[in-house]
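A.B. asks: One-letter residues, chain by chain:
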Amino acid sequence: MFNTTEVYVVAHSLVPGSRHYEKGLKELFAEAFLKILDQVGNVNLGAIYVANAFSEVLQDQGTLGAFLSDYVGMRRIPAIRIESGDGSSGVAILEAYNTVRAGIYDCVAVVGVEKMHDVINVKLNKALATITDYEYEGFFGVTPAAQAAMAMREYMLKYGYDYEDLAIWPIKMHERGSKNPLAYMKKQATLKDVLESEVVADPLRLYDVAPAVDGSAAVILCNKPVKSDVAIRIDGIGIGAYGTYTGQRDSLTELLSVRDATNMALRAAHVSIGDIRLAEVHDTYSILGMLALESMGLVRPGETPRLLSTGALDVGNKLVVNAGGGLKSMGFPGGASGMYELALMVMELMNVKPFESLGKAELGIVQDMAGFDLVSTSVVLRRVS
Amino acid sequence: MVDQRLSVPRYWRRMPQYYRLEGVQCIKCGRVYFPPRAVCECGSREFKPYPLPSTGKLINFTVLYSVPAEFEKMKPLIIGMVDLGGVKVVGQIVDCMDPEKLSPGVDVEVVFRMVKMDSTYGLINYGYKFRPINNC
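Here the protein sequences come in this chain order: A and B.
Quick note on full-length UniProt numbering: the first sequence kicks off at 1 and runs consecutively.
Quick note on full-length UniProt numbering: the second sequence kicks off at 1 and runs consecutively.
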């Protein structure tokens with residue numbers, strides 16, 4: 001790129017994920033959006049990027065952006081909806097970042113919003129099946145859970161793990177969630193809880209699945225910080241793609257789009273993976289969180305369960321993974337997931353409640369992914385003062 | 001069954017794949033693809049139809065208890081990945097009352113079954129599924 005415009009995250013918010021039966025897409029959107037607006041006072045917002053995966057299927061609503069910006073009194077501001085499955089947020093962040101970096105707008109908002117509980121479970125599964133190659137996978141009943149289950153089986157075979165070994169992911173995530181007031185799942189989980197939970201897609205159990213929630217999270221990106229003391233800067237964003245029918249993959253234990261996205265983001269930020277101190281990974285299923293860490297190069301292939309069980313990825317170590325409890329604890333708000341990860345990372349880097357114990361880590365990475373390794377994004381963020 | 005309306009042309013145009021597992025073979029380099037695609041990894045755009053063999057081996061599988069709406073009455077579904085002459089296909093494994101007996105490497109054959117049914121007009125979608133050759 002020829003210009004050197006920097007991009008800062010100047011405001012952030014999230015509506016804790018839950019079954020918000022009393023709120024629709026518009027109310028959830030407004031709640032997160034008005035919070036970020038109040039944080040910055042008067043900024044010249046050029047556009048709103050809306051990350052949402054399923055509004056056509058779950059709410060019968062297309063052209064979503066138009067009605068959302070009107071609802072918050074901004075019908076002249078374009079709200080551009082980005083759909084890339086459960087990885088919508090990362091792509092929305094990328095697009096928003098690019099417009100600021102290119103000098104098109106001084107400030108833009110990015111809002112992830114999803115309302116998963118407007119339909120019954122089997123209909124939600126149908127919506128989730130749209131993030132498979134529908135003609136050949138969803139058509140026959142294949143869902144993301146089935147794909148994750150087969151990946152888990154392959155991982156266990158390849159590295160010689162039992163299910164008990166992999167249960168460390170939900171245990172660790174629940175432990176973090178129990179200390180995070182913003183989490184949806186605030187209770188600790190024991191090995192027994194995990195082993196006795198119902199089977200969703202053998203070997204995947206209920207505790208391996210991030211629970212679907214309604215929610216919204218938002219940030220404002222600007223070309224300069226609005227406060228002078230401490231600022232969070234986006235130093236690099238990367239996107240990677242490996243969209244294909246599951247049968248055409250050589251392996252289910254390597255996420256190639258995640259690898260490419262991360263390398264691109266690190267290159268842009270002029271840092272190496274070893275410099276990263278905080279990571280938020282997209283753990284819609286526990287196995288996908290582990291595969292993401294390994295594909296990003298943060299953990300050596302096959303090592304995640306071992307490292308987790310020794311506490312090496314907990315607070316107090318060189319690298320802290322999903323300090324807030326991941327999507328496992330925060331809940332899975334479809335296309336808004338990546339915005340939750342980003343909002344949490346901003347809080348972690350700013351060292352605000354409930355993340356004071358993280359110390360003053362400077363570099364964090366946020367990984368988002370659509371479906372099984374279809375499209376992924378990585379964002380490298382730095383705390384500057 | 002949950003209300004659904006099936007689209008006839010959307011299904012009809014996929015009959016070669018759904019009924020006969022018809023993939024494509026690149027005329028230039030010989031690579032085979034299922035599902036079919038427009039451009040080969042070698043860059044060629046010329047393909048000929050390539051029906052996959054009707055027997056193969058199970059590579060990986062899961063028993064899926066949480067299913068999409070149209071499969072509610074059929075749950076749990078066994079979803080498996082099958083190697084058919086070097087091409088991997090993902091689909092349902094049927095006629096297996098005891099999934100405990102399944103393991104990677106078991107021989108399977110392609111069978112023709114109902115996939116889903118329209119709740120309003122009674123349209124039926126058929127397609128391939130896989131059955132273990134030895135009793136399961």
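The hints are simulated quantities; they were obtained by calculation from the structure and are not laboratory data.
Be aware that a few hints might be false.
What the hints assert, rightly or not - What follows is a set of in silico ranges between Cβ atoms, one per label pair, in the way DEER data are often shown: (1) 76(B) x 19(A): 19 to 27 Å; (2) 29(B) x 352(A): 51 to 59 Å; (3) 21(A) x 15(B): 36 to 44 Å; (4) 51(B) x 181(A): 57 to 65 Å; (5) 56(A) x 12(B): 34 to 42 Å; (6) 244(A) x 12(B): 23 to 31 Å; (7) 117(B) x 56(A): 18 to 26 Å; (8) 135(B) x 162(A): 22 to 30 Å.
All values derive from a computational prediction rather than experimental measurement.
No residue lacks a Cβ here, since even glycine has one placed at the ideal position from N, Cα and C.
A.B. asks: Enumerate the violated hints, using their earlier numbering and listing them in ascending order.
C.D. replies: Violated: hint 5 alone.
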